[in-house]
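Protein chains: 2
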Amino acid sequence: MAADQSPQAQSLNTQLSKSASPSFTWLHRGISEIFPNQPDSESPDENLEQRILKSDRPLRIKFGIDPTGTEIHLGHSLVIRKLRAFQDAGHQAILLIGDFTARIGDPTDKSEVRKQLTAEQVMQNAQTYVDQVRPILDFDTPGRLEIRYNSEWLSGIDLSKILELLATMTVGQMLAKENFADRYKKETPIYLHEFFYPLMQGYDSVALEADVELGGTDQKFNLAVGRDLQRHFGQRPQFGLVLPLLLGTDGTQKMSKSLGNYIGLQEDALTMYSKLEKTPDSLIKSYFELLTDLPLDQMPENPRDRQKLLALEITSQYHGGEAAEAAQKAALILIQGNTVSSDAVPEFSLEGIQFPVKLFYLLSAAKLCNSSSEARRQIQGGAVRLEGDRIQNVDLTFESAADLQGKVLQVGKNKFARLVQ
Amino acid sequence: MAADQSPQAQSLNTQLSKSASPSFTWLHRGISEIFPNQPDSESPDENLEQRILKSDRPLRIKFGIDPTGTEIHLGHSLVIRKLRAFQDAGHQAILLIGDFTARIGDPTDKSEVRKQLTAEQVMQNAQTYVDQVRPILDFDTPGRLEIRYNSEWLSGIDLSKILELLATMTVGQMLAKENFADRYKKETPIYLHEFFYPLMQGYDSVALEADVELGGTDQKFNLAVGRDLQRHFGQRPQFGLVLPLLLGTDGTQKMSKSLGNYIGLQEDALTMYSKLEKTPDSLIKSYFELLTDLPLDQMPENPRDRQKLLALEITSQYHGGEAAEAAQKAALILIQGNTVSSDAVPEFSLEGIQFPVKLFYLLSAAKLCNSSSEARRQIQGGAVRLEGDRIQNVDLTFESAADLQGKVLQVGKNKFARLVQ
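These protein sequence lines are chains A and B, in that order. Mapping of the first sequence onto UniProt numbering: position 211 corresponds to residue 211, and the numbering continues sequentially without gaps. Mapping of the second sequence onto UniProt numbering: position 197 corresponds to residue 197, and the numbering continues sequentially without gaps.
Worth double-checking, as some hints may not be accurate.
For identical chains, the list gives no copy identity; a pair is met inside one copy or between any two copies.
No farther apart than 25 Å at their CA atoms in a straight line, the calculated lysine to any residue pairs in the SDA-like style are these [claimed, not checked]: (1) K407 to V206; (2) K185 to D140; (3) K413 to Q121; (4) K161 to N125; (5) K415 to R144; (6) K177 to P107; (7) K161 to Q121; (8) K285 to L396; (9) K329 to R390; (10) K161 to P107; (11) K308 to V130; (12) K161 to G69.
Quick caveat, the hints were computed from the structure, so don't treat them as lab data. Please read these numbers as outputs of a predicted model, since none were measured by experiment.
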């Protein structure tokens, strides 16, 4: 569990990163790109590794978030984990909370009464965010974390400075940005204030004197604007460190709350474990790489073992090792909702059963109840579930064994059986 | 002379404009366009005449100027004259001084150390501007003139409001503006802050609650942005009144200081008269229409008379009737510089003169001096000019009559002769 890493281990990492032939595995693992990565006249450090090695002070690593009250999931965690990796290497993470922008909302959003959050709501959202990332980041080692709010410099910015910021960019440069270019081509309106958001984000880098800014692949343009503005204001431009998008549990689309293919950082240990335990094999490697620190060449060979290790490891990160192990055990016996995947469910063969068959008879035959009459009482009492769905119809009848194949029948919390033909 | 118009006359005009069948000649004379000019759902007044007639208060007529220290010439006077016409019809002229924008300068101007004017310089320039337009506008009648500075609302504007302004326009709308469209097509950089200038100008209209804004043809887009912003902020949109560009004294190009084809409002009466007296016939009608209130059907038939009347009338506006008449008389007898055009210079025939001839002999022969020796003294004393050029070479000799044909010889301020073969 990363959050448990001892100060000794962190200090060791720091020493490593400054030694003659340092390992930069922590830096490069799972990233999409670092830019610039070639020497040029402006970047005498040549690349980020060189800057890290030459620096006589911790670097300032910026990551910006919008305190809009979003539930954070594993898809968001990649960047925060990388921020932690910088902390562990002795650098200073800066969690930048875009409170000013959140308070303004989007002036063009006409779908409802304009959503302007109050300062209080924004602070509350920010606190929620901080609470969610607490298991990932190092909040305790002095000098490793700075939490800042961009209202600090944006609320007092005057028109003169704003015009100066605007004047650093041309319309052509903005329209070269992928998202804008597409919309301009399709004649979808681009409102002028949208051009200002990358500049605000870039100005944040100036205000924070960031050395590195982290972001997803959709942030690359904005990270580059930060470089331009720092240059404009006489600062050494930051490096952009780009992280890939995490696919959701469905293995096909970007992890997203609205697609339902996500795992929230604040889900309870059992839910988190149970979801992760079903990670499709096609995703396992990338999840290992992006969501854990485990060496990739030590992944178990057996797919089922890989799933379990992944689930145990990630659950540990957010709930601690003990809770994760308890979740693993509980997942073996608890069948609930549609979460039917445990190996440990005893099987009951339907071979000797004559169809059509009544549910209460089946419960008795499978020894989940002692008698048909107890079975009827349990059904009426709401204790019986099939594949997690509660059944209260005492007369429910099944027509064929095929209808039941592989399903789990359960009475109360402790008795269950997987029906097989 | 407009500035001399009596309060009685003004009051009469006001009454006229409110009477049942008012004359709107003052409104329509010499303008390029008023928009909107068709009834639409947003403009229940249908057109400006209707709004004027229905209004129970004086309308607020905005004209914005940049206090950059420019010398104002007749090309600028059109708009200010129209502003005066509104004043005379009982409305309120608002002279808006863009002091905030002038103080900022253009952030992209790298040609020299960025020109940021101090608040003092800006106020001084503004005062110079006001001094120059004083002969045109009615500064005295109470309630007819408001002088405002846009720093009043722009210096305190915050980022939230700025984003709101930006969000009212799309990139497509901005790039539809002629100037921007051309530059975008030619891939000439358009800096983002340039998009904000029309919005600032438009926001000025909101702050001033303008009913009408005046501007040259190059201002049409900005006047329209003012309408959009007023609508956005729940105000009734202003009318845009567009005035044409004035051609310069060369009759071919827009009047401009840099082209040297201009007449400054602060030029002395004689200079102003002398320049105007040479107005090419092709320009006479437009100058009458745009720069005077004289009825166009009463223009003199003789071209020379037209020139004189025009010169007298316009010079009167800036220097008063007496000074204009004095200038007219002086122009008849005073020949200076290259300004040789007066009808009233007596001719002296060179027929009896033997060439080559000495200058002092010629002066004596033409009776400009009483003797050759007086002529020599006058030459040495610097009183002798040929075509306005002072001559001090006592031994100057002319080889042939052709060299002198048509030229004006002058001694002191009162004696002169046009030499003819």
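Tested hints:
no., hint, in the structure
1, K407 to V206, "neither (59 Å within a copy, 69 Å between copies)"
2, K185 to D140, "neither (49 Å within a copy, 56 Å between copies)"
3, K413 to Q121, "neither (41 Å within a copy, 84 Å between copies)"
4, K161 to N125, "between (29 Å within a copy, 23 Å between copies)"
5, K415 to R144, "neither (49 Å within a copy, 93 Å between copies)"
6, K177 to P107, "both (21 Å within a copy, 23 Å between copies)"
7, K161 to Q121, "between (28 Å within a copy, 20 Å between copies)"
8, K285 to L396, "neither (44 Å within a copy, 101 Å between copies)"
9, K329 to R390, "within (23 Å within a copy, 113 Å between copies)"
10, K161 to P107, "both (21 Å within a copy, 10 Å between copies)"
11, K308 to V130, "neither (29 Å within a copy, 82 Å between copies)"
12, K161 to G69, "between (30 Å within a copy, 24 Å between copies)"
Checked against the numbered hints above, the structure violates hints 1, 2, 3, 5, 8 and 11; every other hint is satisfied.
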